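Number of protein chains: 6
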Amino acid sequence: MILRMDRVAIDLPKPKNPSPNDAAAIQELLGGKFGELSTLMNYTMQSFNFRGRNRLRPFYDLIACIGAEEYSHIEMVSYAINLLLTGTTKRGHDPVPAPLSNATDARNSYHFIASGQTALPMDSMGNFWTGQNVFNSGNMKLDLLHNFFLECGARANKMRAYEMVSDPTARTMIGYLLVRGGLHVVAYARALEKLTGVEVTKLVPVPELSNDAFPEAVQFQKQGLHLKLFSFSPGDYQQAAQIWTGTHPEDGQPLEFVNGAIEGVPAPDLDEEPQLNAPGAEGFDPQMFMDVAKRMGINPNHPSKGQF
Amino acid sequence: MILRMDRVAIDLPKPKNPSPNDAAAIQELLGGKFGELSTLMNYTMQSFNFRGRNRLRPFYDLIACIGAEEYSHIEMVSYAINLLLTGTTKRGHDPVPAPLSNATDARNSYHFIASGQTALPMDSMGNFWTGQNVFNSGNMKLDLLHNFFLECGARANKMRAYEMVSDPTARTMIGYLLVRGGLHVVAYARALEKLTGVEVTKLVPVPELSNDAFPEAVQFQKQGLHLKLFSFSPGDYQQAAQIWTGTHPEDGQPLEFVNGAIEGVPAPDLDEEPQLNAPGAEGFDPQMFMDVAKRMGINPNHPSKGQF
Amino acid sequence: MILRMDRVAIDLPKPKNPSPNDAAAIQELLGGKFGELSTLMNYTMQSFNFRGRNRLRPFYDLIACIGAEEYSHIEMVSYAINLLLTGTTKRGHDPVPAPLSNATDARNSYHFIASGQTALPMDSMGNFWTGQNVFNSGNMKLDLLHNFFLECGARANKMRAYEMVSDPTARTMIGYLLVRGGLHVVAYARALEKLTGVEVTKLVPVPELSNDAFPEAVQFQKQGLHLKLFSFSPGDYQQAAQIWTGTHPEDGQPLEFVNGAIEGVPAPDLDEEPQLNAPGAEGFDPQMFMDVAKRMGINPNHPSKGQF
Amino acid sequence: MILRMDRVAIDLPKPKNPSPNDAAAIQELLGGKFGELSTLMNYTMQSFNFRGRNRLRPFYDLIACIGAEEYSHIEMVSYAINLLLTGTTKRGHDPVPAPLSNATDARNSYHFIASGQTALPMDSMGNFWTGQNVFNSGNMKLDLLHNFFLECGARANKMRAYEMVSDPTARTMIGYLLVRGGLHVVAYARALEKLTGVEVTKLVPVPELSNDAFPEAVQFQKQGLHLKLFSFSPGDYQQAAQIWTGTHPEDGQPLEFVNGAIEGVPAPDLDEEPQLNAPGAEGFDPQMFMDVAKRMGINPNHPSKGQF
Amino acid sequence: MILRMDRVAIDLPKPKNPSPNDAAAIQELLGGKFGELSTLMNYTMQSFNFRGRNRLRPFYDLIACIGAEEYSHIEMVSYAINLLLTGTTKRGHDPVPAPLSNATDARNSYHFIASGQTALPMDSMGNFWTGQNVFNSGNMKLDLLHNFFLECGARANKMRAYEMVSDPTARTMIGYLLVRGGLHVVAYARALEKLTGVEVTKLVPVPELSNDAFPEAVQFQKQGLHLKLFSFSPGDYQQAAQIWTGTHPEDGQPLEFVNGAIEGVPAPDLDEEPQLNAPGAEGFDPQMFMDVAKRMGINPNHPSKGQF
Amino acid sequence: MILRMDRVAIDLPKPKNPSPNDAAAIQELLGGKFGELSTLMNYTMQSFNFRGRNRLRPFYDLIACIGAEEYSHIEMVSYAINLLLTGTTKRGHDPVPAPLSNATDARNSYHFIASGQTALPMDSMGNFWTGQNVFNSGNMKLDLLHNFFLECGARANKMRAYEMVSDPTARTMIGYLLVRGGLHVVAYARALEKLTGVEVTKLVPVPELSNDAFPEAVQFQKQGLHLKLFSFSPGDYQQAAQIWTGTHPEDGQPLEFVNGAIEGVPAPDLDEEPQLNAPGAEGFDPQMFMDVAKRMGINPNHPSKGQF
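These protein sequence lines are chains H, G, S, Y, V and A, in that order. Here the first sequence stands for residues 1 to 308, numbered as in our numbering. Here the second sequence stands for residues 1 to 308, numbered as in our numbering. Here the third sequence stands for residues 1 to 308, numbered as in our numbering. Here the fourth sequence stands for residues 1 to 308, numbered as in our numbering. Here the fifth sequence stands for residues 1 to 308, numbered as in our numbering. Here the sixth sequence stands for residues 1 to 308, numbered as in our numbering.
Rather than coming from a laboratory, the hints here were simulated on the basis of the structure. Predicted model, so just to flag it, every value in this text is computed and none were measured. Careful, some of the hints might be misleading.
Copies of one chain are not kept apart here, so a pair can be met inside one copy or by any two copies together.
[Stated by the list, open to error] Listed below are the simulated DSSO-like cross-link pairs for lysine-lysine, each with C-alpha atoms no more than 30 Å apart in a straight line:
1. Lys222 / Lys14
2. Lys16 / Lys222
3. Lys228 / Lys14
4. Lys228 / Lys294
5. Lys202 / Lys294
6. Lys222 / Lys202
7. Lys16 / Lys90
8. Lys14 / Lys90
Go ahead and model the full structure; you've got the sequences and the hints to work with.
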C-alpha cells in the first residue's frame, strides 16, 4: 500500500520555449523501454513477487524502496512534458481559426488528440509502454543483474535526451534523474557485490561519460543527492541500509540511508487550455463546493504536507 | 511522491487447490484492459495531467486518492496470483525429473519461464498490459465519464473471474475488490452528478447483479468498506470529501471520507521454489547482514508500521 | 454506403457438441491474418482508394462487390462461433457455484471475460485483428495478385479449420465459405488473366486438394454457388460481369453474374446466458415498447425482407 | 448481409491545399481508437452477438442500424484522406527526379510506400487499427454505456481534428460526422434512458462545446440531419424507432426515424498517380471490355442508384 | 549452419547529404513488412521447415540459397542507413551544447536514442519488424505463390524508396536490390512454372515499370547480375539450378547458376560518434591487444577473404 | 555475406513422444524475448552497426562470430520443434475424419493452421518475435553488458524449458545450447573484463545452478564444446581470439579459438503430412528434374559438404 503526497521531488522552471517536439522527445524517459515506467513497474512487480524475502530481506527492501522512488520519477517526467506542451497551441474557445494547426506538423499528434497537451505512457515515437518491459525471473542474481543493466540503459537514454533538448525545464528534470538514477545504478551494483563478491561498482559509469559533464546534475550532487538512499516509506524497508554501505565509487564520499522521502515541493498547477476543452467545466461553481466544505469542516486551502 | 508501506490491504487465505489455470484467469484483473493496472495508471496520469486543478480541486483530489488506492489493488491481485501459483510444480534442485512438466499444459507458460511462478503485468491470455489502456482527454467531464465506464467494465470482469474460480484465495481478493471497485463506481458517478446534476448514481449497479450476490463481498460490506473513501495520503486530497457526500445509492447508508489508508496487514512471505532457482542465492549468509545491521543500529526485525 | 438486412446467408444447424475450444479454433476464420475480416477490409479499402476507376471500372466493380459479400462472411463465422459457445457454461444467476468454471481451462478466456460467450475480432490464439492485414499498394496488378494470394491462403486456413472441428455448425459454415471463397479465388485469377493474358486460373486449386473433398461444400456446389458472382448491391457494380465470364476452371460449368444478394435466411436469435448477465435487463418490459410501437404504426413483428 | 451502393453520403469539395500532414491527422478519425472503424466494428459485432434479441428487439435494431451507418462514415473519412493526398507528389513516370521526395519529411510514410497516396486503417501516428478496440461484454446496459462513452470520445477527437486542419475537404467531412456522430451520442443516451429511467441525454454535449460552434456542422443541422435516424436497411431494424422518440436535448426539435439510407451522391473518381504506378495498367484497353459488355447487355454507363 | 564473411556485396558511395529522414525512409527496406528481414526470415524458416525435401529437392535448394542471399541484403540496407546517419549530429564530448538537437525534429528518434545513429530492425515509421511477417503454410505451391507475391511487393517498396531519396548511397543500394530482388521474383515465378505449367514469369514486371528505368539498376544488369543465381554456399543447394533454367523473361538472356557467393568488398568502417558515446571505450589500448595477437600468431591486419 | 551449408550442428534423436504442447514450450527458445532469434539479431545488427571497428577490432570480431553461430542455434531449435510436431495428427488425405482434431486442444494452434506442423518465429505463448528485442545503443560497454545479461537470461529460459520437457529430442538440443550459450556468457564476461578490468566472469553461472546438473550438457562438455569459440567464418573474425584467452571460470580448462564452423551433420529430412497438404505437389515428377540435372551436369545426389 502507498500513501500519496501532493508534492513533487523538485521545482521545475517554466520552459523558455515550450515545444511539442521537445516534449515528444522527453516521452522516451517516461514510456520508453528504458523509461521511468519501466523502472517503476520492474521493481514494483519484483517486490510483490519476491520469494524467500525473510531470508533475503535487505535485497527485498532495496528493491522495494527504489521502486517507491520511481513513482516520483514518472511524476517528474510527466510534469516536464506537461510544462513543455502548455501554451504551444493558440488559446481560445472558437474552433474556426484552427487553434491546433501547429499540431499537424508536430511529431506526436496524440498529445493534441488523445490528451489535453499532456503526457501519456508512451515513448518518443508514440509507441505505448508495455508490460513486456518488466523482467522478473524470480532468480535474485539474474534480476539484480537485469536491474543494473536496466539502470545503465536508462542512464544512456537520459544522457541522449539531454543532448537533444536544451530547455531548462527538461534539463533540470534530467539532471535530477541522472543523479538519482545514477544512485540506483550503484545500488544494484552494490547489491551484486554483496551477493557475489565481484566488484561490479567498478564498472560504473556506463556509458563512460560522467554525470559531472551535466551542470544540472552537478547542482544536485552538491546537495549530496547521489549519496542518499531514501526509504520512501514511513518506516519500512530499513534493511536496505545493509546494502547501501561504504563510499560512492566515483567520488569516494560516504553513502547514507535516509528514512522517508525527499522533502519535495507542492505539485504545480497546469494552465487551462480552452481550445482543447481541457478541463472544460467552465460553468462550474467552486464556491458552492467551498461552502459545503466549510460546513463539513474541511480546510479549503488544501494544505500540502511535507516530509514525514 | 509516495510513501510505501510493507503492508497489504487484507489477509488472504492460502489456496485450497493451487492452480496455474486459476492463476492465469486472475491475471485479467491485474493486466487486462479493465484490470487494476489500468485503473491505477488512468487515475495516476489523469492526476499528473489535470489542468486547472485549483479551480476544480475536489475533482482532482478525488481522482488522486482513488489512484493511490489502486496501488493496493495491483498488490492484492498480484499476491493472489502468487499464492495460486506457489507449489504448483515439484520442488527440488534436480532438473532431470522435469519438475516443471505440469507447466507444459498450463494456459500461461510465462508464469514458469519468464517469472518464478509469480504475477506479470499481463491479462488472462498472456497479453501484456499496454499504455493504450490509459484514457486522458483532459476534458474533465469526458474523463469522469470514462472512469465511470472503466469501473463498470472492471466490475463486470471481477464478477466473471469470481464465477470462473472458486478458490478462497481468489474469491476473498475479488470480494474485496468488488466492494472497493464498487465504491469507485459510485464515486465517479457522484462526481458526474456534482458536475452536471444528472443522477448518474441511479445507473448502478452495472451489470445489474448486486454485490450482495457475492458472500465474500458481503463480509467486507458489513465492515462498511463500501462507504469509506480513504485519502491514501498522510494529509492531502481532502477536498475529495466534498464529492463523497450523501448516502450510498444501493443501501442508503451514509458515505464517509477517511484520512489515511486502510490499516492492512503485513505483506505475506512467499515460499521459495528451488526448481526455478527462485530466489537462488542459497549460499548467502543472512547472519552476516544481521551483524552489520546491529552495528549500524538498524532493527533487524523489520517492524511493519500501521495506518497513519 | 450500405443497406443492411436482418438476414444471414445460410441456415446453420445447432451444434451437436457446443465447445469452447472448437469456437476458439474457428476464430481464426474471423480475425486471423487470413480471416474474413481481412478479406472484408482489404477489398473495402481497395475500393475506397481505387485510382482511375472510370478507366478500369470492371476491376473496381469486381473488388467492390466481392468486398460487399465479405460482410456476410464475417457474419456467418461470427454466428457459428456464437452457436458453438452458447450453453457451454452452467446457466443461472448465482455466482457462488462458479458457473464459469469450465472457462478456466478453455483456450480462449476472452470469450468468457470480454464477451458474453460470443465472437470477437481475434484469431485462434486470441490475438486481435489488425489493420496491418490490409494490403493496398494502389498498383492494380499488384493488388490483384495480393488478393489472389490472400484468397488462396484463406482457403488453406478454412481447410485446416474443417479438419480440426467436426461439429456440423462449423462444417456447414466452412463448406459454404470454401465454395464462396473458392469463387473469389477464381475471380481474382480471372481478373489477372483479363489484365495480363497469363492463364492464372490454371493455378487453382491452391492447395491442391479440391473442394470436392468436403461434403458440405459439395452440397453448395450442387446449388451452383461456386458459379454465381452476386453484386451484393441494389444495382451498382454490374461491370464486374465483364470479368466474370467463361467457365469454371475446375468443372467447366458456365460462370454467371447475379444482380443483388443471395436470398439468405433470418438472422438467428441467440439464447440468453444469465450467468454472464448477457443481456441482463431482466426487469425490462418489452410490452411497453410494443404499445408505443403500435401507436407509432410500426409493425412489431419486425418482418425480415428477402432478396432485392 | 449488406447491399452496397456506389454512392457516398455527401459531396466533398476538392482540397484547397492538399497536404500529407493534414491527411495524416485525419487518419485518427478513420483508424484511431475512437475512429469510425471502431464505431463500425463495435456495433457490428455487438449486433451479431446480441443475446435475447427477441425480448430486446428495439435495442438490437438501434445498434444494428447505427452500425450500418458507420460504414458510410469510414467511407467519408477515407475519401477525405484520399483527396487530401491526391497530387501531393510530383506526377510522372520517371523515378530519377525523385517524384516522392516530399514524402521523406511527411509524418506518415505509409501513405507513400504502403498505399498509393490513399487511406489505410491506421491512426494519426500510423498505428494500425486493432480489434482490441471492440468492446462487447454482452451485458446490454454496460455495452450501451460503452457506446455512449465511445461516441463522446469520438466527438472529442473530431473536434480536435477540426481544430488542426482548416482545409474545406476535411472540415466538410468533419462537420457532417459531428452531426451524425452527435446523433449517435443522443441515441445511446436515449437507449439508456429507456432502459433505466436516468436522464442520460442531459449529459450532452460532451465535451461541453456545442456543435453550433462548427459552421459546417450547422449547415447539416439546418437540413435536420441531427434529428433523423436512418435505418440504413431496405426494411429491417424498424423497432429502433421505439427508442428514437421525443425531442433533441439541445434544440428541442422532434426526432424522426427514416426508413432506408441518406440519399448521397456518386462516389468520386480519384486521379491517377503514375509516379506510384497507381493504378498502372496503362496498356489496358477498356474499349475491349465495353464491347464485351454491350454484347452481354450490361449498361456501360454504370448507373448509380439513389435512396431506396 | 553458416559461415560469415567480413565482406559486403557492393561498394556504397559516401552520402552527398547525410540525412536522418532519408535514413528513416530507407528503414522500410530493412524492417518493413516487405523489407529484407521479411524475405530473409521467410525463406530461412521455410527451408528449416520444408517437408519432403528429398522428393522436392530443387525447390528446397532454391528457397535455401535465396534465403542465404537475403542475409547480404539486410547487410546492404543496414550499411546504407548507417552511412546516411553518420555525421548528422554535431560531433563532440560535451553534452551542454545539445549536439543532438537536430534529432528532436527528425522523423525517427530511435536512431538517436536507442541506437548510435545506426539501423534497427524497424520500418519507415519506426514500427519494429515482427515474426508475423513470416508466411509458411507448408504447402509448397502456396508458399511459392506467397514468395512470388512477397518479392513483387518488396519490389514496389524499393521503387518508391528510390523515388523518395535521391542520395547516391541509397540509390546505389536500391539499384542493386532491384536487380537481385527482381531475380528472385523471376526465380519464384519459374518455380511455379516448373510445378504447374502456368507461365507465371509472363506476369513480370509487377508493378509494370521496368528496372530499366533505374540507372543504378541498369549498371548492375550490365554486369549480368539479373541473370546469375548464386548458391551462397560452399557447395550445397546445387539442384536449384534445375529450376533456374532458360532465359530471362524481360531481355531473353540466358540464366546462369553460380556456385558460391558474389565476390563483394570489405565491410566499411563506420566513423565514431563521440556525442553518442558510440563506441566509447576511449581509454582502451588496442596496442595491448596487438601485442597479445602477435604472440598468439594472429595476423593483426585481419585479412578479408574473397569468394569461395 | 554468408555461405550457408546444408548441415546442422548436431544430430537430434527422434522424439519418443511427439507432443504439440512440448513443441509449444520449446518455441520460447526460438522466438521468445530471450530466444535464439534475439541473440542472432542482436549480434548481427550490432556487428553491422559497430562504430570504430578498426580501433576495437577484437570486440567487433567477437560479436560477429558469435552472431554467426546463432544462426545454427535458430536452426537447431527449429528442427527440434519440427520433430516434436511431426506425426502428432492423423496422416491422410481425407478431411472428413477430422485428422487435425487433436489440434483443437493444443496450446498453439498456429502450428496447425499457419504452418505445416513446424516452427514459427514466436514464443511459448504464440506471440511473435519482434525487433524490439534488439538492443544496440552503440556504446560498446553498454552493449556488451546487455549481451552478458541477455545470455544469462537466455540460459535461465533454457534451464526451465529443460525442466518442462523430458523428451530426448528437446533435451539433446537444450543440452547443446546450454553449453554453447554458456560459452557465450563467458565470452561477453571476458570482453567486459578486457575492457574494464572487473572480473565479470566470476559472476557466472547465472542462475546459480551449474550446467553440470544437465546430463546432456555434460556430454557436450566432455567434447570440449564449452571451451571452443568457433569463428563460423572461412577466415575472418580471427581477432576474437584476443578476447577468448585464459581458462574457463568453472572448470579451469584452457579456452580455444577455432577457425571455421563446427563440423555438424546433414540436415534431417522431415516426413510429409498429407492431411496438411504439406508439401502437397503430389503429382510432381522428380525424375523429370533428375533427367534435366544429368544433362546439365549437376550431381543429383546433392552431396553435403563438411567443415571448411
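How the hints compare with the structure:
no.: 1; hint: Lys222 / Lys14; verdict: within (23 Å within a copy, 46 Å between copies)
no.: 2; hint: Lys16 / Lys222; verdict: within (25 Å within a copy, 46 Å between copies)
no.: 3; hint: Lys228 / Lys14; verdict: within (27 Å within a copy, 39 Å between copies)
no.: 4; hint: Lys228 / Lys294; verdict: between (41 Å within a copy, 20 Å between copies)
no.: 5; hint: Lys202 / Lys294; verdict: between (59 Å within a copy, 28 Å between copies)
no.: 6; hint: Lys222 / Lys202; verdict: within (22 Å within a copy, 35 Å between copies)
no.: 7; hint: Lys16 / Lys90; verdict: both (17 Å within a copy, 23 Å between copies)
no.: 8; hint: Lys14 / Lys90; verdict: both (18 Å within a copy, 27 Å between copies)
Every hint, counting from the list given before, is met by this structure.
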